[in-house]
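Enquirer: If you want the building blocks of each chain, they are given just below.
Number of protein chains: 2
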Amino acid sequence: MSTKNPRVAVVGATGAVGREMLKVLEQRNFPASEVVPFSSIRSAGTKVPYKDDELIVRELKEDSFEGFDIALFSAGGSTSEKFAPLAVKAGCVVIDNSNAWRMDPKVPLVVPEVNPDDLDWHPGIIANPNCSTIQLVVALKPIHDEAKIKRIVVSTYQAVSGTGQKAINELETQVTRLFNGKEIVSDVYPHQIAFNCLPQIDIFLENGYTKEEMKMVNETKKIMGDDSIKLTATTVRVPVFYCHSESVNIETVEKLTVRDCRNILASAPGVTVIDYPEKGQYPMAIDCAGEDDVFVGRIREDETIENGINMWVVSDNIRKGAALNTVQIAETLIARNLVRVA
Amino acid sequence: MSTKNPRVAVVGATGAVGREMLKVLEQRNFPASEVVPFSSIRSAGTKVPYKDDELIVRELKEDSFEGFDIALFSAGGSTSEKFAPLAVKAGCVVIDNSNAWRMDPKVPLVVPEVNPDDLDWHPGIIANPNCSTIQLVVALKPIHDEAKIKRIVVSTYQAVSGTGQKAINELETQVTRLFNGKEIVSDVYPHQIAFNCLPQIDIFLENGYTKEEMKMVNETKKIMGDDSIKLTATTVRVPVFYCHSESVNIETVEKLTVRDCRNILASAPGVTVIDYPEKGQYPMAIDCAGEDDVFVGRIREDETIENGINMWVVSDNIRKGAALNTVQIAETLIARNLVRVA
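For the protein sequence lines, the chains are A and B, in the order given. Residues in the first sequence are numbered from 787 upward in steps of one, following this note's numbering. Residues in the second sequence are numbered from 787 upward in steps of one, following this note's numbering.
Hint data in this document are derived by calculation from the structure and do not stem from the laboratory. Check the hints yourself; a few may be wrong.
Any copy, or any two copies together, can satisfy a pair, since identical chains are not distinguished.
PhoX-like cross-link-like pairs, simulated, lysine-lysine; straight-line CA separation at most 25 Å [said to hold, decoys possible]:
hint, residue 1, residue 2
1, Lys847, Lys1065
2, Lys952, Lys1065
3, Lys1007, Lys1065
4, Lys1041, Lys1016
5, Lys997, Lys1065
6, Lys809, Lys847
Extracted from the complex, chain A is given alone in its bound form (with noise of 0.2 Å):
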């Protein structure tokens, strides 16, 4: 390890997923000899919280990168393409949010429980992956290596943090209005939110199937190496705030009981068991908001097929699904000495 901190650049920090990787650096005592944060010009000169100050917010600059180590972006497609390579020149590894890289076959997708060997061959960019797939291969990879997965079919329940600061501001308002005999509005979903289920997350694509639920397909792949796992994902926003929640249904190679399941997902990392059905306890959103791990519940056996399990998966979409990832993806390259230090 290099004897020397990393100068991090965080991309997008006033943004919901910006803010909360200020706060997992500062939680995780990351180590940086300085955390800059940097937003578009409409959002520099504000102030983040960070440790016991406040950090200025500064505008995102062709030479912004100059003299940084490590560059976290999350400030959607549109930054990433223009700003990662610039950033990859000066010399910082970017690890980036968006889904701009994401299916490159250059860049890793990673999440470090599940495929860390991945950032051996990094090209400057790290892509973190959409927030619905890293809950949903946390606790599946375990069970891939032990039982090999042949298929999955995978309906979300997504909150709307996953969109950002302004749908959470959305939800508040349409529900706050509604309850006053109000007119609603809906800017940032297509229809109300509030006291609905959307099944759509982002924009239809040729084959029916929307954006979102394709990543899932696509991602699940590329992060678990295995082009032969089938996928198949009904993707539905929820009128939660925080964390997504997952039915998952699972075929395997080999057979596995509820019992091994339990075991393995015990034992694996980043996974919390939760599956006391008897006392009525399982994973919910509004329990797993602001934690780390990846909650898995209600395991049980389809006994509809040979080799079948039914789980339910929760995780913080904006800490594990985003902002955490992303920092444990810095973490792991410092620990392999693969961030080189100015």
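Assemble the complex: chain A is given as a structure, and chain B must be docked to it using the hints.
Expert: Chain B only, in chain A's frame:
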């Protein structure tokens, strides 16, 4: 058909489903000589709206059913167990919304669009299926007829109204209190429902599934009249007031394209297809409240298996899922001359 109109008792008339039954009887101009609401002593004496009038709710007693021809029950399992046989003895046909008789092999479990012929062998009692099952079989029966369904994987997004008026109040109160920074209590549900997803509906059974999940498994087979249909369910309560949504994955024996499915469903009784991804249109809970039909959209091929289809099914759980289906059963009985009018 009889020339005289039947006299109808509505048991549990002050509950969410009972009130909707009165509304449905009125809206459909149900040919009743008289409609009389009954309830437990606690609500007896209160008034319920019916046509341009208000009806005074009578206390349900052992001899209440004298002179009635049809009794619509929606007052919970124990009331049905005690009073339905008395109603039958008094000459009524009972259509029961509770779980008491659904799996009794001597009692038909009927959705008029799916298995009206099962009414022919009714022994005085006819069971109305569980709400989450009704909308599923209305959507799947026409597909089963065409392509034979082998396996169903369903995850539900169920509204609080399915639990009754108290649960509607609980969601409302919890949301209001949370927005005012106050502590909340959960009386109706085991955990907070506001801004949360509860992967538990009804109690847990020995096999780790909930009673609601096993209702879907068993009732689907009975209504479809086909024990070979395999179904596995994850039933989830979401913070939505009205209408259940379902993410449904099916495997069929014969190949169906998306267009086939749309065509079959578009001409199926009681089904409306809303499936225009290019316009961002699909069924949603907020749009289906107060509607009679089962709405299907997001129909797409599941390419992880040879003959797979995904779809999104939404219906008003209080209407088609309960009150409307009950009244439709009564209408079908009359049309088939299966009610003796005293």
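Enquirer: All hints are to be evaluated individually against the structure, with a verdict given for each.
Expert: Status of the hints after comparison with the structure:
no., hint, in the structure
1, Lys847 with Lys1065, "neither (54 Å within a copy, 38 Å between copies)"
2, Lys952 with Lys1065, "between (37 Å within a copy, 23 Å between copies)"
3, Lys1007 with Lys1065, "neither (36 Å within a copy, 30 Å between copies)"
4, Lys1041 with Lys1016, "both (18 Å within a copy, 19 Å between copies)"
5, Lys997 with Lys1065, "between (38 Å within a copy, 15 Å between copies)"
6, Lys809 with Lys847, "within (24 Å within a copy, 64 Å between copies)"
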